[in-house]
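Whenever a hint applies, use it, and build me the whole structure from the sequences.
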Amino acid sequence: MSSDQQLPGDVAALAEVPADKGEVHLVHLYPREMSIYGDLGNTRCLAARLRWHGYSPVVHDHHPGSPWPDQVHLVLGGGGQDSGQARVQEDLARIADRLRELAADGVPMLMICGMYQLFGEAFVTVEGARLPGLGILDVTTRGNEKRMIGPVVLDTDFGPVVGYENHSGSTVLGEGQQPFGRVRQGHGNNGSDGTEGARTHNVVGSYLHGPVLPANPWLADGLLEIAARRATGTWAPADVDDTVAREAHERQVRRLLG
Amino acid sequence: MPLRTTAALAAGRLARLATRLRGGGSALPGLVTEKVDPAVLRHTLGSLPEGVVVVSGTNGKTTTTKMLVAVLRAHGLRVFTNPTGSNFTRGVISSMLGEISLRGRLDADIAVVELDEAHAIHFADQVLPTHALLLNVARDQLDRFAEIDHTARLLTTLGERTTAGVVLNVDDSFISRVRDVLGEGVRVGWFGVDPSIADRLPELQEADVRFEDPADRPQLGATDGLLLPSEDGRSLTVRFGDGRDVGPLTLRQRGLAAMINATAATTTARQLLDDRFDPRVAAEALESVNPPFGRGEVIDVDGAPLELVLVKNPAGFTVALGTYGGEPAATMIAINDNYADGRDVSWLYDVSFEPLRERGVALTSGVRAWDMALRLRYDGVDVGAVETDLDAALDRFLREHEGEPTRIFCTYTAMMHLRRRLADRFGLARFGEDPA
Numbered sequence: 443m444s445s446d447q448q449l450p451g452d453v454a455a456l457a458e459v460p461a462d463k464g465e466v467h468l469v470h471l472y473p474r475e476m477s478i479y480g481d482l483g484n485t486r487c488l489a490a491r492l493r494w495h496g497y498s499p500v501v502h503d504h505h506p507g508s509p510w511p512d513q514v515h516l517v518l519g520g521g522g523q524d525s526g527q528a529r530v531q532e533d534l535a536r537i538a539d540r541l542r543e544l545a546a547d548g549v550p551m552l553m554i555c556g557m558y559q560l561f562g563e564a565f566v567t568v569e570g571a572r573l574p575g576l577g578i579l580d581v582t583t584r585g586n587e588k589r590m591i592g593p594v595v596l597d598t599d600f601g602p603v604v605g606y607e608n609h610s611g612s613t614v615l616g617e618g619q620q621p622f623g624r625v626r627q628g629h630g631n632n633g634s635d636g637t638e639g640a641r642t643h644n645v646v647g648s649y650l651h652g653p654v655l656p657a658n659p660w661l662a663d664g665l666l667e668i669a670a671r672r673a674t675g676t677w678a679p680a681d682v683d684d685t686v687a688r689e690a691h692e693r694q695v696r697r698l699l700g
Numbered sequence: 002m003p004l005r006t007t008a009a010l011a012a013g014r015l016a017r018l019a020t021r022l023r024g025g026g027s028a029l030p031g032l033v034t035e036k037v038d039p040a041v042l043r044h045t046l047g048s049l050p051e052g053v054v055v056v057s058g059t060n061g062k063t064t065t066t067k068m069l070v071a072v073l074r075a076h077g078l079r080v081f082t083n084p085t086g087s088n089f090t091r092g093v094i095s096s097m098l099g100e101i102s103l104r105g106r107l108d109a110d111i112a113v114v115e116l117d118e119a120h121a122i123h124f125a126d127q128v129l130p131t132h133a134l135l136l137n138v139a140r141d142q143l144d145r146f147a148e149i150d151h152t153a154r155l156l157t158t159l160g161e162r163t164t165a166g167v168v169l170n171v172d173d174s175f176i177s178r179v180r181d182v183l184g185e186g187v188r189v190g191w192f193g194v195d196p197s198i199a200d201r202l203p204e205l206q207e208a209d210v211r212f213e214d215p216a217d218r219p220q221l222g223a224t225d226g227l228l229l230p231s232e233d234g235r236s237l238t239v240r241f242g243d244g245r246d247v248g249p250l251t252l253r254q255r256g257l258a259a260m261i262n263a264t265a266a267t268t269t270a271r272q273l274l275d276d277r278f279d280p281r282v283a284a285e286a287l288e289s290v291n292p293p294f295g296r297g298e299v300i301d302v303d304g305a306p307l308e309l310v311l312v313k314n315p316a317g318f319t320v321a322l323g324t325y326g327g328e329p330a331a332t333m334i335a336i337n338d339n340y341a342d343g344r345d346v347s348w349l350y351d352v353s354f355e356p357l358r359e360r361g362v363a364l365t366s367g368v369r370a371w372d373m374a375l376r377l378r379y380d381g382v383d384v385g386a387v388e389t390d391l392d393a394a395l396d397r398f399l400r401e402h403e404g405e406p407t408r409i410f411c412t413y414t415a416m417m418h419l420r421r422r423l424a425d426r427f428g429l430a431r432f433g434e435d436p437a
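Residue numbers (my numbering), protein chains in the order written: chain L, 443 to 700; chain G, 2 to 437.
These are computed hints drawn from the structure, not numbers from a lab. Fair warning: this is a prediction, and the values are worked out from it, not measured in the lab. For each residue, glycine too, the CB sits at the ideal point set by N, CA and C. Some clues are possibly wrong.
Here are some chain G residues pointing at chain L (derived, C-beta under 8 Å) [what the hints assert, rightly or not]:
| hint | residue |
| --- | --- |
| 1 | Ser48 |
| 2 | Arg140 |
| 3 | Asp150 |
| 4 | Leu349 |
| 5 | Tyr350 |
| 6 | Asp351 |
| 7 | Asp372 |
| 8 | Ala374 |
| 9 | Leu375 |
| 10 | Arg378 |
| 11 | Tyr379 |
| 12 | Asp383 |
| 13 | Tyr413 |
Take a look at the structure:
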């Protein structure tokens, strides 16, 4: 683990339930290069919630050149600068086949902003150059002069989701590609078709920062359920108190939708 | 002085009078003036005999500017500055309106202005800075600047346009690289921390976005200043290459960040003053500087100290927690997400709140009070109450902790609001009347 992105070592110790439901392995892709806008918060949220539910979280920070962990039950990725994207390109090509296999096999993944774009078919720059992506999601992103910035409310399969978008790339879904959600407030993928993000199997791509998981705990638990079932065969959630998360969520919804 | 400038200054003064009567903000009169004469800055600041110094960077602009101005004034210079922290061009113009004759003469030898990264370029379009002090680059309000790379480019452009001298942070590679783009004959000065405390740099910077260590760290010269804190961390010495130390001295503002700001200000003052620079005068001036509004300012609440600490980005909040978190005080955190705060609160997840775990947080407040409480929950920090209304929260916080030391961490617009309430209640100077 890199020294600058460490999760609080005693998050586990803060839970008041025994960690006897098994290990769940999370991989955070490129926490240095592709984790601005608080994307580390998604990893922190999942690790803490696993512990609150009685599981033992194991977090692997995947840096360029790192060996791929033996056990992977959930994969996270975040947004980055252009310079960050350039720095992970080569490593991403190296692990591309593994990621595609895991995705096809149903491993849950949450890819935000820059990593969402890299999980798509291609990124077409403002100058027209076509940079291929991993092709796990059937989306194509074009560089745009105008940035799409602001708070967002979505309807999704996991329930209503709030977050904050900040992207210049405009993304279009391929035919048959499911979106992650429908926009109720905000721009979404491209500002015109009302879609936000993309979902294939259990891979979710989205432009939502926030970071998105803490204020949308049902989305976090939705991903964890799939991961825990893969890791341990069952999902046995504990009764987690989400009063604060619900308040934070509902206040944003009311503020934005009236 | 062009007629247009005269008309602009008159219009600005009228607007200033009107906003003063209404008790309004500090930027509008400048905006009016700038609309009438977009070149007003060139016409007024462009002819000052000792030049125009721009202080920019993500963190520490207001504090550093105040220190630099104090040191220059202590050396006898007449300094124009924008003391309100209104760091857009219109804020600079607003500050000027009170000090300028209608014919446009500013009674000053030199201007020292703090400018927000984006507005520094806008400023330089109108009047080329003779000197620039570039502090640091951190993630800040990415909904405005979009990318840290972009912020770095803005400061690089500012360095490129500076005509006589720059002072750069040797420990921040985004800033130290600016030396590669300087115009011919532009003098370079360096400030930084002494190698003996280099291990404390990570707490001040975001190492995750600085990928390469510049192998070609510049050789420091006779007039470059390094920070050397005392063993107990309370006082500091600015150590110059030629042995003309400034200090040991003790600042009124606490923490390592303030010490680095003092080092930056001292190094810049030395470059500006050259032979006139007197280390003893500089040390005395630094010791007399009060923290600017809301930047670790200590307010006397019926005999108990209340510290007001502005936090606006992950690096700044982390440093503030390192400085203040360990010392016992009842704590309130107020987070707004207005434009001037940055509308995205994601950055709270790039701060570790563990230093607050032991005592907990009495109250979270502001528009995003619940999001702050949620953030603390994920770091295992207990929250006593959540009250989104700032006035209600302040009342309750002071009532429940009467006679105890208290501390409020707050974003910019929350700070402005709370500072105004505290000024009314405890008879403090109002915004725009910050005593030197």
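So which of those numbered hints doesn't the model satisfy?
-> As far as the earlier hints go, 1, 12 and 13 are violated by this structure, in ascending order.
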